[in-house]
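Sequence lines, in order, name chains W and B. Going letter by letter, the first sequence gives residues 303 to 416 in the numbering used here. Going letter by letter, the second sequence gives residues 101 to 217 in the numbering used here.
Treat the hints as calculated values from the structure; they're not laboratory data. Ideal Cβ placement from N, Cα and C applies to all residues, glycine included. One thing to keep in mind: the hints can contain errors.
Claimed, not checked - Here are the simulated distance ranges between beta carbons:
no. : chain 1 : residue 1 : chain 2 : residue 2 : range
1   : B       : Asp118    : W       : Gly318    : 47 to 57 Å
2   : W       : Leu397    : B       : Glu115    : 14 to 24 Å
3   : B       : Thr180    : W       : Lys354    : 39 to 49 Å
As the list claims (entries may be wrong) - Mimicking PhoX-like on lysine-lysine, the simulated pairs with C-alpha atoms at most 20 Å apart in a straight line are:
no. : chain 1 : residue 1 : chain 2 : residue 2
4   : B       : Lys214    : W       : Lys342
5   : W       : Lys324    : W       : Lys311
6   : W       : Lys311    : B       : Lys138
7   : B       : Lys204    : W       : Lys369
8   : B       : Lys204    : W       : Lys354
9   : B       : Lys170    : W       : Lys343
10  : W       : Lys346    : B       : Lys204
11  : B       : Lys103    : W       : Lys342
To be verified - Where chain W lies over chain B, by a calculated footprint (3+ residues, C-beta under 8 Å):
no. : stretch
12  : 113-119
13  : 130-144
14  : 147-160
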Amino acid sequence: DTAVSQTPKYLVTQMGNDKSIKCEQNLGHDTMYWYKQDSKKFLKIMFSYNNKELIINETVPNRFSPKSPDKAHLNLHINSLELGDSAVYFCASSLPGQGANTQYFGPGTRLTVL
Amino acid sequence: AQKVTQAQTEISVVEKEDVTLDCVYETRDTTYYLFWYKQPPSGELVFLIRRNSFDEQNEISGRYSWNFQKSTSSFNFTITASQVVDSAVYFCALSEALGGGGNKLTFGTGTQLKVEL
């Protein structure tokens with residue numbers, strides 16, 4: 303039933319570690335996104351993929367590497383985690399289109415870097 | 101650059117009061133789309149409404165209504181007869197088309213609504 307799912311829901315790790323967050327959507331959408339929500343609840347886009355191709359990378363450090371094995375999946379790998387990476391990461395998906403289509407969000411992954 | 105301003109950081113009301121959440125946006129696009137999302141305490145982001153720049157009709161859905169005014173670049177959200185379950189952070193967002201498909205949402209900073217008994 304779940305439209306956009308993310309795993310894990312919570313991730314606690316030490317500085318310097320590498321971690322991945324997985325995202326899957328069963329809505330048949332072509333476009334997927336990663337957003338970061340900081341401690342003040344500000345939401346900002348990180349990446350967008352359309353049909354497995356990277357469309358946008360919003361000045362995100364190279365330590366963040368998205369990977370889209372197919373249209374239904376967009377995973378986020380983070381190397382050498384830093385304290386400032388602590389946030390909630392949301393995956394979203396939409397149909398392609400010129401700004402018109404609604405983005406549907408996953409439940410979020412709360413990453414805590416100690 | 102696109103910008104969304106939600107000047108109200110936090111609003112507290114008593115149940116059954118009406119409340120309006122303000123949203124002001126900036127864009128140079130002639131065609132654009134505006135959205136409202138709700139983030140309850142459980143943390144997920146729930147889509148509420150999408151409005152395109154050509155349609156200035158107000159919209160009502162149950163206790164929710166939206167007032168889109170292009171002349172003032174505002175897209176305000178009113179909850180009538182608020183309930184405790186309406187307590188959440190509400191985000192207004194503006195969509196920008198991306199080359200190659202998809203769209204990029206620029207979010208406002210959110211308004212925390214607290215509805216008390």
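Item to complete: Compare the distance between the alpha carbons of Lys170 (chain B) and Lys343 (chain W) with 20 Å, and conclude whether the hinted pair is satisfied.
Response: 27 Å, violated
Worksheet entry | chain W covers the stretch 147-160 of chain B, three or more CB atoms within 8 Å, holds or violated | holds (count 3)
Practice prompt. With respect to the beta-carbon atoms only, verify the hint that Thr180 (chain B) and Lys354 (chain W) lie 39 to 49 Å apart.
Written response: 44 Å, holds
Worksheet item: Is Lys103 (chain B) within 20 Å of Lys342 (chain W), Cα to Cα?
Response: Holds - the C-alpha atoms of Lys342 (chain W) and Lys103 (chain B) are around 17 Å apart, at most 20 Å.
Practice prompt. Decide if the proposed pair is consistent with the structure: Lys204 (chain B) and Lys354 (chain W), CA atoms, cutoff 20 Å inclusive.
Written response: Distance of about 16 Å is within 20 Å: holds.
Worksheet item: Taken at face value, is the distance from the CA of Lys204 (chain B) to the CA of Lys346 (chain W) at most 20 Å?
Response: Holds: Lys346 (chain W) and Lys204 (chain B) sit about 9 Å apart, inside 20 Å.
Discussion item. What's the verdict on Lys214 (chain B) and Lys342 (chain W), does the C-alpha distance respect the 20 Å limit or exceed it?
Written reply: 17 Å, holds
Discussion item. Run the distance test for Lys311 (chain W) versus Lys138 (chain B): straight-line Cα separation, threshold 20 Å.
Written reply: Distance of about 19 Å is within 20 Å: holds.
Discussion item. Can you tell me if the stretch 130-144 of chain B counts as covered by chain W, using C-beta to C-beta distances under 8 Å and a minimum of three residues?
Written reply: Result for this restraint: holds, n = 8.
Discussion item. Verify this for me: three or more residues of the stretch 113-119 of chain B with a beta carbon less than 8 Å from a beta carbon of chain W.
Written reply: Coverage by chain W is violated here, the residue count being 0 at a Cβ distance below 8 Å.
Item to complete: Take the C-alpha atoms of Lys324 (chain W) and Lys311 (chain W), compute the straight-line distance between them, and say whether it is at most 20 Å.
Response: 10 Å, holds
Worksheet entry | Hint check for Glu115 (chain B) and Leu397 (chain W) - Cβ pair distance inside 14 to 24 Å | 38 Å, violated
Of the hints listed earlier, those the structure fails to meet are numbers 2, 9, 12, in rising order.
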